[in-house]
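1 is the number of the first residue of the sequence shown in the numbering used here; add one for each residue after it.
Just so you know, the hints here were simulated from the structure itself, not pulled from any lab data. For clarity, every value in this text was computed on a predicted model and none was experimentally measured. Even glycine gets a Cβ: it sits at the ideal position worked out from N, Cα and C. Certain hints may be false.
Distance condition first, Cα-Cα at most 27 angstroms in a straight line; then the derived DSSO-like pairs of lysine-lysine [as the list claims (entries may be wrong)]: (1) Lys22 x Lys33; (2) Lys99 x Lys79; (3) Lys22 x Lys99; (4) Lys99 x Lys49; (5) Lys85 x Lys103; (6) Lys36 x Lys103; (7) Lys22 x Lys49.
Label-pair ranges, simulated between beta-carbon atoms [stated by the list, open to error]: (8) Asn59 x Leu114: 40 to 50 angstroms; (9) Arg67 x Ile39: 41 to 51 angstroms; (10) Lys99 x Asp62: 12 to 22 angstroms; (11) Ser66 x Arg90: 29 to 39 angstroms; (12) Gln46 x Asn117: 19 to 29 angstroms; (13) Asn63 x Leu114: 29 to 39 angstroms; (14) Lys99 x Arg67: 20 to 30 angstroms; (15) Phe92 x Asn124: 16 to 26 angstroms; (16) Asp62 x Glu100: 16 to 26 angstroms; (17) Asn37 x Asn124: 40 to 50 angstroms; (18) Lys32 x Asp69: 16 to 26 angstroms; (19) Lys125 x Ile39: 36 to 46 angstroms.
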Amino acid sequence: METKDNNQELEKKYDLEERTAKFGDAIIEFAKKILKNAITLPIITQLVKAGTSMGANYNEADNAESRADFKHKISICRKESRESKYWLERVFTVAPELKEEGKRIAREATELNLIFNAIVNTTNKNGISK
């Protein structure tokens, strides 16, 4: 039997609006720790764009005008989650001292990607193609 705390944790874990917002916030806070120079500035910009775009597109999907629009926005979320992980890996190259801290964010990017991939696949099975 699940307790109230377990139910709240499950509900919280699967609230994608909140989860993508927290992911974006984590990306912003992480990006603030990266030493700024000619090499890191473009990486930071791309990381923040990808990491915060996911939440914005999820909100758009949640209010989509059609099923096709929903699928399109969720597909963007999937793409941005992969891109976030890519840019995090570039940060690890230019700022290896941040790798351990960034691993948690990279795991969350992977988990979000799996979730959005499952949503896209389910949407495809339900007859919505590109």
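Checked against the structure, which of the hints given earlier come out wrong?
Violated hints (numbers, rising): 8, 10, 13, 14, 15, 16, 18; every other hint is consistent with the structure.
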